[in-house]
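Visitor: Those protein sequences? They're chains Z and V, same order as listed. My numbering puts the first sequence at residues 1 to 374. My numbering puts the second sequence at residues 1001 to 1065.
Check before you lean on any hint, since a few could be wrong.
As the list claims (entries may be wrong) - Sample of chain Z residues at the chain V side, in silico, Cβ under 10 Å: (1) Ala154; (2) Pro157; (3) Phe158; (4) Leu173; (5) Lys294; (6) Asp300; (7) Arg302; (8) Phe308; (9) Asn322; (10) Val324; (11) Ile343; (12) Ser344; (13) Leu346; (14) Trp349.
Hints are computed from structural coordinates only; laboratory data are not their basis. All residues carry an ideal CB built from backbone N, CA and C; glycine is no exception.
Listed below are the residues making up each chain.
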Amino acid sequence: MQRVSQIELGLMFVLFNFSTAAGFLIGPLSKLAGYQGWLSLFVSQAGGLLIACFSIWYGKKRSDEFIIHYGKEVVGKWINLIMMIIYCLFFIHLAGVVLRQATDFLVQIYLPSTPSWIIASTFGLVISIAVRSGIEAIFRCAAGFFFIIFSAAAIAPFLVGKELDYQRAIALLTHLNLKDLVHTSFPFIPWFGEMFLVIFILPLITQVEKTTRTLIWSSLISLLFLEVFYLLCIILFDDLLTGQFTYPTLEMLRFIRIGDFLENLDPIVVPIWIAGLFIKMSVLLFIVVWISSKLLQLKDSRPLSFSFGAIMVGMAMHSASNSVELNHFLQNAWVNFAYFVEISPLSYWLISIVKDRFQSGGREGKISLGEVDK
Amino acid sequence: MIAITVVFVVITCYELSYLIRRNRKPRTFWITGSFIAAAYLYLMIIYHYKDLPSMSRVIENIFNY
């Protein structure tokens, strides 16, 4: 039953947090928080970790069972079914949104005359094959990709270093406004709170008691890399210009010049980073397929992988008419939806507490009545 | 439209052969078939009616406050 080790889980979550945040979060964060963004990033990561830790804490109470199964006993068959459908919709929609972001990025930067549905379908096929291969394949793939992706990410700061305007760095300390911190961190907490998905695969993980620790170190590593990338962008371009770029990290990477013989390293770095997106989408789609197969009591989840992959591609193409609309959605309505879904394991916990109180109250009542009768 | 249909015919054949090889129950055939049909229907609907509200629009209507 236990098929994923703690180290694989941790490496996967580093990629999971880093891949989308490095590509698509730095621009909106800079627009909203400016020089204070580094602190907002810290608060967002801490908030996301808190949400995920709560899920793990609740999941650990029955760590050898799936919430899909024991949820029926806690909240009742129908509410559990509705909640699981909401989780499936959340994860497949999120996978579709990430796929759309990746597709838009590739179409705008590298493949301008290629139809976006070709890129989305090809990506969708690869993701479906990964999901069909099972959770071990995805997590081992993540562990392999981790070293390639983070070797490239670790070299980047040294190569950009000489282009930076270090005089801007003082603004990182002088432009702090703690009153705005909540307002500038609030929309980004769900980006990291997505880690709560671990509650659905808890019985598949070895040494469950160490999961919280694993999430903490993986969050710290991803935060370190994100902070470095954010600071590089902000010191290189200023907060206003960073906020205007659609892909500030890409623009930052384009500044890399090694002597006269290596310029424009981004075609090498970007495909490596896209591998991280592939891992994230595969995990999200796997959770959808896994929940559905468990709800339908299927022996294995493989026969559903291609049909859900096709739905994900459809959602990606249909989610927004352009990337501006998509970004607006991600910073407004999606934030509320994501909070609602990510905090919902709390409702399971609250209902179980109320049930326990009523049951123990009823039992005590019966006992005292029995004593009176005697 | 033809491309979507061809892709789904390939997916159906592949899943059918997988299920037959593994001697799965008729119930599994029905569930797999239903999901493939639902995915095909969904793609065809959003292909034909591009103005149909997307899932993002539905979320926006419910959670935009």
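Visitor: Taking the hints in turn, state whether each one holds.
Guide: Evaluated hints:
no. : hint   : result
1   : Ala154 : violated, 35 Å
2   : Pro157 : violated, 35 Å
3   : Phe158 : violated, 40 Å
4   : Leu173 : violated, 35 Å
5   : Lys294 : violated, 13 Å
6   : Asp300 : holds, 9 Å
7   : Arg302 : holds, 7 Å
8   : Phe308 : holds, 7 Å
9   : Asn322 : violated, 12 Å
10  : Val324 : violated, 13 Å
11  : Ile343 : violated, 13 Å
12  : Ser344 : violated, 13 Å
13  : Leu346 : violated, 17 Å
14  : Trp349 : violated, 23 Å
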